[in-house]
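Asks: Line by line, the protein sequences are chains A and B. Our numbering puts the first residue of the first sequence at 1, with every later residue one more than the last. Our numbering puts the first residue of the second sequence at 1, with every later residue one more than the last.
Hints are supplied without guarantee of correctness; some may be wrong.
Pairs of lysine to any residue, SDA-like flavour, derived with a Cα cap of 25 Å [unchecked claim]: (1) B:Lys26 <-> A:Lys35; (2) A:Lys35 <-> B:Ile2; (3) A:Lys35 <-> B:Ala65; (4) B:Lys26 <-> B:Ser91.
Simulated from the structure, these hints should not be mistaken for lab results.
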Amino acid sequence: MRLMSTLTRVGLILLAGAMISVLGTSTVWDSEPSKEITTNDLANSMLDDWALPLLILGILMAMAMMGAAYLVRDERRENLEWEQRGEDV
Amino acid sequence: MIDPAWVSVLSALLFTIGLWGAFTRKNAIVVLMCLELILNAANLQFVAAAIQHGDATGWVFAIFAIAIAASEVAIGLAIFLAMYGQHESISLDDVNLLKH
Chain A
1 MRLMSTLTRV
11 GLILLAGAMI
21 SVLGTSTVWD
31 SEPSKEITTN
41 DLANSMLDDW
51 ALPLLILGIL
61 MAMAMMGAAY
71 LVRDERRENL
81 EWEQRGEDV
Chain B
1 MIDPAWVSVL
11 SALLFTIGLW
21 GAFTRKNAIV
31 VLMCLELILN
41 AANLQFVAAA
51 IQHGDATGWV
61 FAIFAIAIAA
71 SEVAIGLAIF
81 LAMYGQHESI
91 SLDDVNLLKH
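Just chain A, same shape as in the assembly (with noise of 0.2 Å):
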């Protein structure tokens, strides 16, 4: 087991190194950033091209909170039997 842990630091450390390396040597970065990107082009690809892809995940977060909140849902008897009197508080 501890053999299996060492092997996984030493694995992760040789990651790092080797994403560093790539990453930080990589041709990508030796041009010239082509154009600035304003707030007003970020406005228009995400209502324009990633529209139907925005609107399925504000359903995707209604469903996650949701979900949240049903699975906190406090089950203990008197919350259960002030919920069945429906009265307020």
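Since the structure of chain A is already known, use the hints to place chain B on it.
Replies: Just chain B now, kept in the frame of chain A:
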């Protein structure tokens, strides 16, 4: 403006730290935080590429990833709360079955 290469290197570092924590830690909340680090590393990489290529698509992907990360945290914390209610612990060693 910061050189996108440095942003990219920072993202690689963040990714490795996140992976390290996700693999080695046992507290569920710490693991969740490390997953967030990994997602933010991906976001930084998207932004670096967007700056380099002058295309807003990378920004859009980063915003989508932030929204998905928020959903993930909401569900994750809710699961941990339910887990704590049943096991009185959020150590991942104590919880190895989804069904109690």
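Asks: Against this structure, judge whether each hint is valid.
Replies: Structure-based check of each hint:
This hinted pair does not check out: lysine 26 of chain B and lysine 35 of chain A have alpha carbons roughly 45 Å apart, beyond 25 Å. A threshold of 25 Å between alpha carbons decides the hint, and for lysine 35 of chain A with isoleucine 2 of chain B the separation of about 15 Å falls inside it, so the pair holds. With a C-alpha separation of about 24 Å, the suggested pairing of lysine 35 of chain A with alanine 65 of chain B holds against the 25 Å cut-off. About 6 Å separates the Cα atoms of lysine 26 of chain B and serine 91 of chain B, which keeps this hinted pair within 25 Å; it holds.
Checked against the numbered hints above, the structure violates only hint 1.
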